[in-house]
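K.L.:
Below are the chains, spelled out letter by letter.
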Amino acid sequence: MSEEQFQKRIDNEEKIEPKDWMPDNYRKHLIRQISQHAHSEVIGMQPEGNWITRAPSLRSKMILLAKIQDEAGHGLYLYSACETLGVSREQLVQQLHDKKAKYSSIFNYPTLNWADMGAIGWLVDGAAIVNQVSLQRTSYGPYSRGMVRICKEESFHQRQGYEIMATMAAGTPEQKQMAQDALNRIWWPSIMMFGPHDADSPRSGKALKWKIKRETNDELRQRFIDKTVQQTEIIGLTIPDPHLKWNEERGHYDYGKIDWDEFWNVVKGNGPCNKQRLDHHKKAHSEGEWVRNAAIAYQKKIELLTS
Amino acid sequence: MSENTDVWEVFIQSKNGLPHKHAGSVHATDKEMALQNARDLYTRRKEGSSIWVVKATNIVASQAEDSDSFFDPSDDKMYRHPTFYTMPDGAKNI
Amino acid sequence: MSNLLNYTLRIADNALILGQRMSQWCSNGPTLEEDIAMVNISLDLFGQANGFYEYASSIDGNKSADDFAFLRSEREYFNSLIVEQKNGHFGDTIVRNSLFDVYAVLFYIKLGKSKDETLAALGSKSLKEAKYHLRHSSNWLIRLGDGTEESKEKVQTSLNDIWMFTGNLFEMDELDSEMFSSGIGVNNTALKPEWDKEVNKILGKAKLTRPEDSYMQTGSKKGVHTEHLGHLLSEMQYLQRTHPDAKW
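Chains as they are written, first to last, in numbering that gives the first Met the number 0: chain U, 0 to 306; chain D, 0 to 93; chain P, 0 to 247.
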């Protein structure tokens with residue numbers, strides 16, 4: 000097969016499957032994108048995991064646990080999809096540890112009060128949903144099917160977060176203050192999740208041509224902002240953007256300038272929690288090595304016995 | 000760094016009587032662990048009543064390059080499909 | 000406090016404290032698959048706790064399930080000593096859980112036959128989960144015991160260290176005896192022979208040595224615990240204590 004024939008398949012909305020021919024760069028791009036998506040799910044367990052033991056009610060504790068469990072599951076679906084491209088889970092984890100692979104920089108921020116659980120579910124999962132709904136139509140079969148599964152599970156995540164924010168915003172003065180504080184800290188990093196502006200996004204062109212990505216960063220970002228403003232107003236909180244204004248002509252909300260210096264700083268490794276998140280992951284991994292070795296040793300013994 | 004663990008493909012039967020459908024894969028060192036991991040990952044929302052796990056290396060797949068000779072010949076044998084035939088009006092149970 | 004309430008709290012507290020312990024494994028597991036498995040177990044346990052606390056709440060007529068879960072002081076919890084032991088490394092957790100899970104299965108089988116309909120229903124439901132938890136913990140105990148030299152050594156130590164908390168599970172105090180004679184509660188002591196048989200079987204497969212029975216720690220039924228419980232509760236209760244008027 001040639002690149003032209005491959006492109007024709009893409010243009011025809013055909014799904015590319017693991018054993019199909021694909022350009023090297025298509026494979027490489029997918030490995031990078033899918034693995035970074037997977038790493039994000041897994042690292043994302045940490046900021047939320049930070050509040051599990053302190054969850055303030057049985058119900059909220061169970062819901063948070065179920066949500067984080069889903070994130071782990073999403074990580075697994077995505078690692079599975081990525082492995083179909085010819086890379087192993089161990090290699091992917093090694094890339095994460097060596098900082099060769101990235102994860103969503105939103106998870107490099109700390110979770111400082113219980114309302115952060117609300118803000119993360121509502122905004123971070125909310126932003127992820129906008130992105131993921133779009134990705135359901137991605138050209139690579141296993142990734143697309145993974146995304147369909149993930150999207151089904153994701154909507155409860157956002158509702159869980161929004162419910163926490165609504166409850167706190169309508170609660171005691173301290174609760175409302177915590178909710179507004181969480182919104183103040185998490186709003187801008189959430190809209191940065193969609194990546195640089197289209198004009199500054201070099202890989203987007205190829206990604207769109209190959210239908211790995213179906214919409215641009217700015218299109219998705221705008222969609223998210225438009226949806227969220229109304230939700231914020233309903234619960235009586237304020238988005239920390241004085242330039243946020245409905246533009247009748249465009250039919251969208253205008254919003255203020257994103258601080259890209261902060262974004263790139265965090266991406267480069269200077270965020271509040273970059274070191275902590277990676278150290279935590281490495282520690283769990285290395286502390287678990289004796290366990291994994293034991294399981295493999297046991298497996299070998301069984302195989303010897305049954306051979 | 001520990002060795003790679005085996006990949007197992009997971010098939011879930013959502014309801015008695017239906018076929019098992021491919022749901023994805025899990026890593027595990029043996030079949031008991033594979034079953035448990037598959038159950039934890041793929042049936043949290045009651046998606047199934049039966050799980051099959053198969054080591055990925057045991058799966059034999061048709062090759063994309065062969066799809067011409069493997070699958071196209073069935074494409075022009077429309078007479079295998081019931082809709083190919085015109086039935087007289089009014090005939091029942093056929 | 001009524002007998003029924005006290006008895007129900009003992010069961011609920013076991014699930015709550017072990018659930019809290021298991022939730023601490025989130026993002027710390029030896030594999031991502033185990034992270035999911037352990038959080039799953041934690042969820043099951045909190046679900047069980049919630050069920051029993053809701054019953055406690057209806058018996059009490061005043062306090063809510065959350066009030067019971069979050070607002071008692073250290074001496075007012077009645078969970079067994081073994082479940083409050085720290086997670087330690089994965090082997091410590093698996094050993095602790097295996098020993099408790101065998102008990103839990105046997106306990107819930109009997110509770111499922113309680114004359115109290117609610118306890119019976121809760122018992123039957125919890126039994127399904129306890130069986131799965133036992134499957135998970137016992138299978139891991141076997142793999143760790145019969146894995147590498149390092150893993151065998153680690154879990155043998157875990158087993159030796161935690162053994163002194165196992166006797167506590169089979170105690171019968173006055174409350175237990177009363178509940179048992181009225182057909183509501185379970186005879187813990189009568190569970191011991193079956194527990195021994197099952198544990199010996201698992202340890203045999205795991206190629207581990209059963210520790211000598213020696214002095215068994217006690218006190219939990221009177222709310223006398225190890226120092227670990229206090230810290231666990233501080234963390235768990237923090238938000239409720241800090242914002243007494245808040246609804247969550």
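Quick caveat, the hints were computed from the structure, so don't treat them as lab data. Idealized CB from N, CA, C, for every residue including glycine. Please note that the accuracy of each hint is not assured.
Cross-link-like lysine-lysine pairs, in silico, DSS-like; alpha carbons within 25 Å at most [claimed, not checked]:
| no. | chain 1 | residue 1 | chain 2 | residue 2 |
| --- | --- | --- | --- | --- |
| 1 | P | 112 | P | 124 |
| 2 | U | 282 | P | 130 |
| 3 | D | 20 | U | 151 |
| 4 | P | 85 | P | 246 |
| 5 | D | 20 | U | 300 |
| 6 | P | 191 | U | 299 |
| 7 | U | 300 | P | 151 |
| 8 | D | 20 | D | 54 |
| 9 | P | 85 | U | 300 |
| 10 | P | 112 | U | 299 |
| 11 | P | 109 | P | 85 |
| 12 | U | 300 | P | 200 |
| 13 | D | 54 | U | 299 |
| 14 | P | 200 | D | 30 |
| 15 | P | 151 | U | 282 |
| 16 | P | 127 | P | 221 |
| 17 | D | 20 | U | 18 |
| 18 | U | 300 | D | 14 |
| 19 | P | 130 | D | 30 |
| 20 | P | 200 | U | 299 |
| 21 | D | 30 | P | 204 |
| 22 | D | 30 | P | 127 |
| 23 | P | 206 | P | 114 |
| 24 | P | 130 | D | 14 |
Label pairs and their calculated CB-CB ranges [to be verified]:
| no. | chain 1 | residue 1 | chain 2 | residue 2 | range |
| --- | --- | --- | --- | --- | --- |
| 25 | P | 208 | U | 288 | 20 to 28 Å |
| 26 | U | 111 | P | 87 | 24 to 32 Å |
| 27 | U | 299 | P | 217 | 39 to 47 Å |
| 28 | U | 7 | D | 59 | 44 to 52 Å |
| 29 | P | 216 | D | 60 | 18 to 26 Å |
| 30 | P | 112 | D | 19 | 34 to 42 Å |
| 31 | U | 278 | P | 189 | 18 to 26 Å |
| 32 | U | 2 | D | 60 | 33 to 41 Å |
| 33 | U | 176 | P | 208 | 53 to 61 Å |
K.L.:
Does each hint hold? Answer for all of them.
P.N.:
Here's how the hints hold up against the structure:
Taking the CA atoms of residue 112 (chain P) and residue 124 (chain P), the gap is near 12 Å; set against the 25 Å cutoff, the hint holds. Taking the CA atoms of residue 282 (chain U) and residue 130 (chain P), the gap is about 31 Å. The hint is violated against a cut of 25 Å. For the hint linking residue 20 (chain D) to residue 151 (chain U), the alpha-carbon distance of about 17 Å falls within 25 Å, and the restraint holds. The suggested pairing of residue 85 (chain P) with residue 246 (chain P) is violated, with an alpha-carbon distance near 30 Å, which exceeds 25 Å.
Between residue 20 (chain D) and residue 300 (chain U) the alpha-carbon distance is near 32 Å, which puts this suggested pair outside the 25 Å criterion. Between residue 191 (chain P) and residue 299 (chain U), the direct Cα distance comes to roughly 35 Å. Violation of the 25 Å bound is thereby established for this hinted pair. The hinted pair formed by residue 300 (chain U) and residue 151 (chain P) meets the criterion: a straight-line CA distance of about 14 Å does not exceed 25 Å. In summary, the hint linking residue 20 (chain D) to residue 54 (chain D) is supported, as the alpha carbons are separated by about 16 Å, within the 25 Å threshold.
Restraint check: the Cα-Cα separation between residue 85 (chain P) and residue 300 (chain U) comes to about 31 Å, which exceeds 25 Å; the hinted pair is violated. Of the pairs offered as hints, the one joining residue 112 (chain P) and residue 299 (chain U) is violated, with about 43 Å between alpha carbons and a cut-off of 25 Å exceeded. Taking the CA atoms of residue 109 (chain P) and residue 85 (chain P), the gap is about 28 Å. The hint is violated against a cut of 25 Å. The suggested pairing of residue 300 (chain U) with residue 200 (chain P) holds, with an alpha-carbon distance near 19 Å, which does not exceed 25 Å.
Distance check on the hinted pair: residue 54 (chain D) and residue 299 (chain U) sit about 15 Å apart at the alpha-carbon level, within 25 Å; holds. With a C-alpha separation of about 21 Å, the suggested pairing of residue 200 (chain P) with residue 30 (chain D) holds against the 25 Å cut-off. This hinted pair checks out: residue 151 (chain P) and residue 282 (chain U) have alpha carbons roughly 22 Å apart, not beyond 25 Å. Between the alpha carbons of residue 127 (chain P) and residue 221 (chain P) the distance comes to roughly 29 Å, so the proposed pair goes past 25 Å and is violated.
A C-alpha spacing of about 19 Å is found between residue 20 (chain D) and residue 18 (chain U), which places the hinted pair at or below 25 Å, so the restraint holds. Our distance criterion of 25 Å between C-alpha atoms is broken by residue 300 (chain U) and residue 14 (chain D), whose separation comes to about 36 Å. For the suggested pair residue 130 (chain P) and residue 30 (chain D), the alpha carbons sit about 18 Å apart, so the restraint of at most 25 Å is met. A distance of roughly 22 Å separates the Cα atoms of residue 200 (chain P) and residue 299 (chain U); the hinted pair therefore holds under the 25 Å criterion.
Annotation: proposed proximity of residue 30 (chain D) to residue 204 (chain P) holds, straight-line Cα distance about 17 Å (limit 25 Å). Taken as a hint, the residue 30 (chain D) and residue 127 (chain P) pair is honoured in the structure, with Cα atoms around 21 Å apart against an allowance of 25 Å. Taken as a hint, the residue 206 (chain P) and residue 114 (chain P) pair is broken in the structure, with Cα atoms around 40 Å apart against an allowance of 25 Å. Between residue 130 (chain P) and residue 14 (chain D) the CA atoms are separated by roughly 23 Å; this keeps the pair inside 25 Å, and the hint holds.
Range check, residue 208 (chain P) to residue 288 (chain U): about 25 Å between beta-carbon atoms, so the 20 to 28 Å window is met. Evaluation of the 24 to 32 Å hint for residue 111 (chain U) and residue 87 (chain P) yields a pass: the beta carbon distance comes to about 29 Å. For the hinted restraint 39 to 47 Å between residue 299 (chain U) and residue 217 (chain P), the CB-CB distance of approximately 43 Å keeps it satisfied. Hint check: residue 7 (chain U) to residue 59 (chain D), Cβ distance near 29 Å, so the stated range 44 to 52 Å is violated.
Look at residue 216 (chain P) against residue 60 (chain D): about 57 Å separates their beta carbons, and that is not inside 18 to 26 Å. Checked against the hint of 34 to 42 Å, the C-beta distance between residue 112 (chain P) and residue 19 (chain D) comes to roughly 37 Å, which is consistent with it. Our hint of 18 to 26 Å for residue 278 (chain U) and residue 189 (chain P) is violated, since their Cβ atoms are close to 49 Å apart. Distance hint for residue 2 (chain U) and residue 60 (chain D): a CB-CB separation of about 24 Å, inconsistent with the stated range 33 to 41 Å.
Range check, residue 176 (chain U) to residue 208 (chain P): about 57 Å between beta-carbon atoms, so the 53 to 61 Å window is met.
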